[in-house]
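Each protein sequence line maps, in turn, to chains L and F. Be aware that the first sequence starts at 1, since it is given in the numbering used here, and climbs by one per residue. Be aware that the second sequence starts at 1, since it is given in the numbering used here, and climbs by one per residue.
Hints should not be assumed to be uniformly reliable.
As the list makes no split between identical chains, a pair holds if one copy fits it or if it spans any two.
The calculated lysine-lysine pairs, modelled on BS3-like cross-linking and capped at a C-alpha distance of 27 Å, are [what the hints assert, rightly or not]:
no., residue 1, residue 2
1, Lys316, Lys364
2, Lys399, Lys34
3, Lys141, Lys130
4, Lys34, Lys364
5, Lys200, Lys399
6, Lys280, Lys364
7, Lys130, Lys140
8, Lys191, Lys398
9, Lys189, Lys229
10, Lys364, Lys323
11, Lys115, Lys306
12, Lys366, Lys280
13, Lys140, Lys229
14, Lys140, Lys115
15, Lys34, Lys366
16, Lys115, Lys189
17, Lys183, Lys200
18, Lys9, Lys279
19, Lys130, Lys280
20, Lys399, Lys98
21, Lys189, Lys9
22, Lys309, Lys323
23, Lys243, Lys34
24, Lys115, Lys141
Worth flagging that the hints you see were computed from the coordinates, not collected in a lab.
Protein chains: 2
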Amino acid sequence: MDRETLYQKISTENENKIIMIILDGLGGLPVNQKTELETATKPNLNQLAIESELGLAMPISMGITPGSGPAHLALFGYDPLNYSIGRGILEALGVGIKVGENDIAIRGNFATQEKGIITDRRAGRISTKKNQEIIAYLDKKINWIEDVQIKLYSGEEHRFVLLISGSGLSDDVSDADPETTGKPISYSKAKSPQAERTAKILNKFIIRVTEELSGQQPVNTCLLRGTAKYPTIPSMNELFQLKAAAIASYPMYRGLAQLVGMDILDTGSSIREEINTLKKFFNRYNFFFVHIKKTDSYGEDGNFSKKVKTIEEFDKILPDILKLNPQTLVITGDHSTPSTMKSHSWHPNPFLIKSPYFRANPGKPKTFCETTCANGVLGRFYSIDILPLMMAHALKFKKYGA
Amino acid sequence: MDRETLYQKISTENENKIIMIILDGLGGLPVNQKTELETATKPNLNQLAIESELGLAMPISMGITPGSGPAHLALFGYDPLNYSIGRGILEALGVGIKVGENDIAIRGNFATQEKGIITDRRAGRISTKKNQEIIAYLDKKINWIEDVQIKLYSGEEHRFVLLISGSGLSDDVSDADPETTGKPISYSKAKSPQAERTAKILNKFIIRVTEELSGQQPVNTCLLRGTAKYPTIPSMNELFQLKAAAIASYPMYRGLAQLVGMDILDTGSSIREEINTLKKFFNRYNFFFVHIKKTDSYGEDGNFSKKVKTIEEFDKILPDILKLNPQTLVITGDHSTPSTMKSHSWHPNPFLIKSPYFRANPGKPKTFCETTCANGVLGRFYSIDILPLMMAHALKFKKYGA
Numbered sequence: 001m002d003r004e005t006l007y008q009k010i011s012t013e014n015e016n017k018i019i020m021i022i023l024d025g026l027g028g029l030p031v032n033q034k035t036e037l038e039t040a041t042k043p044n045l046n047q048l049a050i051e052s053e054l055g056l057a058m059p060i061s062m063g064i065t066p067g068s069g070p071a072h073l074a075l076f077g078y079d080p081l082n083y084s085i086g087r088g089i090l091e092a093l094g095v096g097i098k099v100g101e102n103d104i105a106i107r108g109n110f111a112t113q114e115k116g117i118i119t120d121r122r123a124g125r126i127s128t129k130k131n132q133e134i135i136a137y138l139d140k141k142i143n144w145i146e147d148v149q150i151k152l153y154s155g156e157e158h159r160f161v162l163l164i165s166g167s168g169l170s171d172d173v174s175d176a177d178p179e180t181t182g183k184p185i186s187y188s189k190a191k192s193p194q195a196e197r198t199a200k201i202l203n204k205f206i207i208r209v210t211e212e213l214s215g216q217q218p219v220n221t222c223l224l225r226g227t228a229k230y231p232t233i234p235s236m237n238e239l240f241q242l243k244a245a246a247i248a249s250y251p252m253y254r255g256l257a258q259l260v261g262m263d264i265l266d267t268g269s270s271i272r273e274e275i276n277t278l279k280k281f282f283n284r285y286n287f288f289f290v291h292i293k294k295t296d297s298y299g300e301d302g303n304f305s306k307k308v309k310t311i312e313e314f315d316k317i318l319p320d321i322l323k324l325n326p327q328t329l330v331i332t333g334d335h336s337t338p339s340t341m342k343s344h345s346w347h348p349n350p351f352l353i354k355s356p357y358f359r360a361n362p363g364k365p366k367t368f369c370e371t372t373c374a375n376g377v378l379g380r381f382y383s384i385d386i387l388p389l390m391m392a393h394a395l396k397f398k399k400y401g402a
Numbered sequence: 001m002d003r004e005t006l007y008q009k010i011s012t013e014n015e016n017k018i019i020m021i022i023l024d025g026l027g028g029l030p031v032n033q034k035t036e037l038e039t040a041t042k043p044n045l046n047q048l049a050i051e052s053e054l055g056l057a058m059p060i061s062m063g064i065t066p067g068s069g070p071a072h073l074a075l076f077g078y079d080p081l082n083y084s085i086g087r088g089i090l091e092a093l094g095v096g097i098k099v100g101e102n103d104i105a106i107r108g109n110f111a112t113q114e115k116g117i118i119t120d121r122r123a124g125r126i127s128t129k130k131n132q133e134i135i136a137y138l139d140k141k142i143n144w145i146e147d148v149q150i151k152l153y154s155g156e157e158h159r160f161v162l163l164i165s166g167s168g169l170s171d172d173v174s175d176a177d178p179e180t181t182g183k184p185i186s187y188s189k190a191k192s193p194q195a196e197r198t199a200k201i202l203n204k205f206i207i208r209v210t211e212e213l214s215g216q217q218p219v220n221t222c223l224l225r226g227t228a229k230y231p232t233i234p235s236m237n238e239l240f241q242l243k244a245a246a247i248a249s250y251p252m253y254r255g256l257a258q259l260v261g262m263d264i265l266d267t268g269s270s271i272r273e274e275i276n277t278l279k280k281f282f283n284r285y286n287f288f289f290v291h292i293k294k295t296d297s298y299g300e301d302g303n304f305s306k307k308v309k310t311i312e313e314f315d316k317i318l319p320d321i322l323k324l325n326p327q328t329l330v331i332t333g334d335h336s337t338p339s340t341m342k343s344h345s346w347h348p349n350p351f352l353i354k355s356p357y358f359r360a361n362p363g364k365p366k367t368f369c370e371t372t373c374a375n376g377v378l379g380r381f382y383s384i385d386i387l388p389l390m391m392a393h394a395l396k397f398k399k400y401g402a
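This is chain L alone, in the form it adopts within the complex:
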């Protein structure tokens, strides 16, 4: 029996509330012997650690640094090596496009060509405003290619997203991207016979764009990459019988939550606004995914002290979350983003779970950090086990077998 069959077999519904708080990129590496989490003044998180089970969660497996897609799939209980979210879909989610199950999403670059030779793969990184003007123009001109519907969305600078929808489409096609300048406009090739038609549609699109923008500078053609179908993922309700809602200020995380069937709640961009949303909807769902982005953003910027301050800001708001009295509460990250690395890393995530059914941690640590979590009662485990563990603590899993 595979994991998902097991989950479906033993999941049951009850009123116990679960809150999963993801401080994106929470884990770090030491500077002057202390990580961001160890440097932060965080009395509320420390108090919570005393009443919680601690551990370290590995997003995928040892040594693997995940992107946001696989890291969140794991947090939601899905094997990130079984389900993949194609680049086109992730880009669409990141721009906040609502992608449907019959859509295929493609990342586009506006580019410059001269006599059919690509001279700039990013068209001089045009302004986002210019991008929006071009998309508005093309949107009037290109709506269908054969019987396939065409939708276009602006991204930042030279980037755009192309959605195509129609019957018999496939994402098994190569990128239409010469990868360096000085080469001819590139076209997509089918990697399997069923994808012939999709490659033809994509190539007709490139030709149409090149025609429509003929004579313009610097944007007069495009590249297409990361063609991806909408992934087929069972919903959290199907797998776990959860009534799940997502609170996230960034489009990509709302999109990832939508992929697994969560309701997406309107919220503001600050932690305070997110927690106000949590309060407002607390009676309506029994599972909440709350995503806090700034820890990761400051980690990516290499801004150690602002990452510390974001943790402190969260710590001050934590009592308001505890006042809701969720039956089960998890606080962790999706992956580590050490400020010293300015990037995601493979280091496991500090993890905390509070419920009425917790066992003490060895040595009874009094702080929440990478080091106390490394010695926590939960040990080192895979992020894919977080959701089952929460289900257990919330008494939403029946016994397996007699």
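For chain L, the structure is supplied; the task is to place chain F on it using the hints.
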């Protein structure tokens, strides 16, 4: 290569004795900051912890609460998600029926009907004595249905077990149970074409019982549930070349041991009697599974202090086990049964292995409990790894590969 192929490849026989003591439901949760194991006075277990490797064993995986069947399969080295023991078989084992490889076992309820409508699914929970009288009566009347042999066994109150044996039978049939009162007598349906005949036999059985008991009160019909074939599991001798014996006072655990090919030794119901049995047969086998039930029973009853006392009772007898000088000794549980939860739980099992080849635990703990085990040298691992680990310590595994 799968696990079982690996085990078969590297297993070898020697005279080293292994004892695996299962204190059923051993692990717990704290009351006044101490679990049952932490509360118990247990100098012998504590001394043993100093000379053993400690760890926490997860029966299935994080968050999964197992029944006794899957929990014991894991202890015996079998993947509990690959092998399943059907409800009917488990019920039969629990009542102490010797089930053969060609038998299909079904859980029966005596029930009450009026004009074909079920009015009580448990026939007023008749006495076990009354049940035995009815079974004795039916046993004279119903021995064959077509060419299928029928065997009946009393359980507690309204419960009985039906064994059917014959060629071409299948367990792929639905329950014959209306699930609520006020509905007609229910019949079994085949879920696949090969099961048509089995469903017909079961339904003829229900009709025969209803005819034979016509006019009686309150038992005048029956429900049939959990139809299950004898599982096909390779024996411990095939997989590990062990000469294995089971000492267990409860029928279900004797049955589970029998499923994997252990010899079942006659024993009494107390821990003392079980250990006397161990002494008596110590020269005849090289692997002993000793099952102690009361820790679980008191946990299920929510009786914290009696669970503590059972651990203390075991601790007093432990020196007698050590005097046998087994080359490898394991003491652990099959799953946790916290008295506070009055049920099995998902929390991992405190685990101890003693052999001449042990490494020290970090911090050199001096007690055996959930917390010291959480910090043990073995970390947190899956119960399915216990048997291979014992095989290794007993030098019964050859090197894998050159």
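Against the structure, the hints come out as follows:
1. Proximity of Lys316 and Lys364 under a CA criterion of 27 Å is satisfied intra-copy only: 23 Å inside one chain copy versus 30 Å between copies.
2. In this homomeric assembly, Lys399 and Lys34 come within 27 Å of each other (Cα to Cα) only across copies, at 25 Å, whereas the closest approach inside a single copy is 42 Å.
3. Only within a single protomer do Lys141 and Lys130 lie at most 27 Å apart by alpha-carbon distance; the minimum there is 17 Å, versus 85 Å between protomers.
4. When the C-alpha separation of Lys34 and Lys364 is checked against a cutoff of 27 Å, the pair qualifies both within a copy, at 20 Å, and between copies, at 13 Å.
5. In the homo-oligomer, the alpha carbons of Lys200 and Lys399 never lie at most 27 Å apart, since the shortest distance is 53 Å inside one protomer and 32 Å across protomers.
6. Taking the shortest alpha-carbon separations for Lys280 and Lys364, neither the intra-copy value of 35 Å nor the inter-copy value of 44 Å comes in at or below 27 Å.
7. Taking the shortest alpha-carbon separations for Lys130 and Lys140, only the intra-copy value of 16 Å comes in at or below 27 Å, while the best inter-copy value is 84 Å.
8. For the homomeric pair Lys191 and Lys398, the shortest alpha-carbon distance between copies (25 Å) is at most 27 Å, but the shortest distance inside one copy (45 Å) is not.
9. When the C-alpha separation of Lys189 and Lys229 is checked against a cutoff of 27 Å, the pair qualifies only within one copy, where the shortest distance is 16 Å, while the shortest distance between copies is 41 Å.
10. In this assembly of identical chains, the alpha carbons of Lys364 and Lys323 lie at most 27 Å apart only when taken from the same copy (24 Å versus 36 Å across copies).
11. For the homomeric pair Lys115 and Lys306, neither the shortest alpha-carbon distance inside one copy (49 Å) nor that between copies (77 Å) is at most 27 Å.
12. For a Cα distance limit of 27 Å, the shortest separation of Lys366 from Lys280 qualifies neither inside one copy, at 32 Å, nor across copies, at 50 Å.
13. For the identical chains of this complex, Lys140 and Lys229 are intra-copy neighbours only, at 25 Å inside a copy versus 65 Å across copies, given an alpha-carbon limit of 27 Å.
14. With identical chains, the CA atoms of Lys140 and Lys115 are at most 27 Å apart within one copy only, with a shortest distance of 26 Å there and 73 Å across copies.
15. Taking the shortest alpha-carbon separations for Lys34 and Lys366, both the intra-copy value of 16 Å and the inter-copy value of 18 Å come in at or below 27 Å.
16. Only within a single protomer do Lys115 and Lys189 lie at most 27 Å apart by alpha-carbon distance; the minimum there is 22 Å, versus 71 Å between protomers.
17. With identical chains, the CA atoms of Lys183 and Lys200 are at most 27 Å apart within one copy only, with a shortest distance of 20 Å there and 61 Å across copies.
18. When the C-alpha separation of Lys9 and Lys279 is checked against a cutoff of 27 Å, the pair qualifies neither within a copy, at 32 Å, nor between copies, at 43 Å.
19. With identical chains, the CA atoms of Lys130 and Lys280 are never at most 27 Å apart, being 39 Å at best within one copy and 59 Å at best between copies.
20. Taking the shortest alpha-carbon separations for Lys399 and Lys98, only the inter-copy value of 26 Å comes in at or below 27 Å, while the best intra-copy value is 38 Å.
21. In this homomeric assembly, Lys189 and Lys9 come within 27 Å of each other (Cα to Cα) only across copies, at 21 Å, whereas the closest approach inside a single copy is 43 Å.
22. Proximity of Lys309 to Lys323 under the C-alpha cut-off of 27 Å is restricted to the intra-copy arrangement: shortest distance 23 Å within a copy versus 39 Å between copies.
23. In this assembly of identical chains, Lys243 and Lys34 lie within 27 Å of each other by CA distance neither inside one copy nor across copies; the values are 39 Å within and 35 Å between.
24. In this assembly of identical chains, Lys115 and Lys141 lie within 27 Å of each other by CA distance solely inside one copy; the values are 23 Å within and 75 Å between copies.
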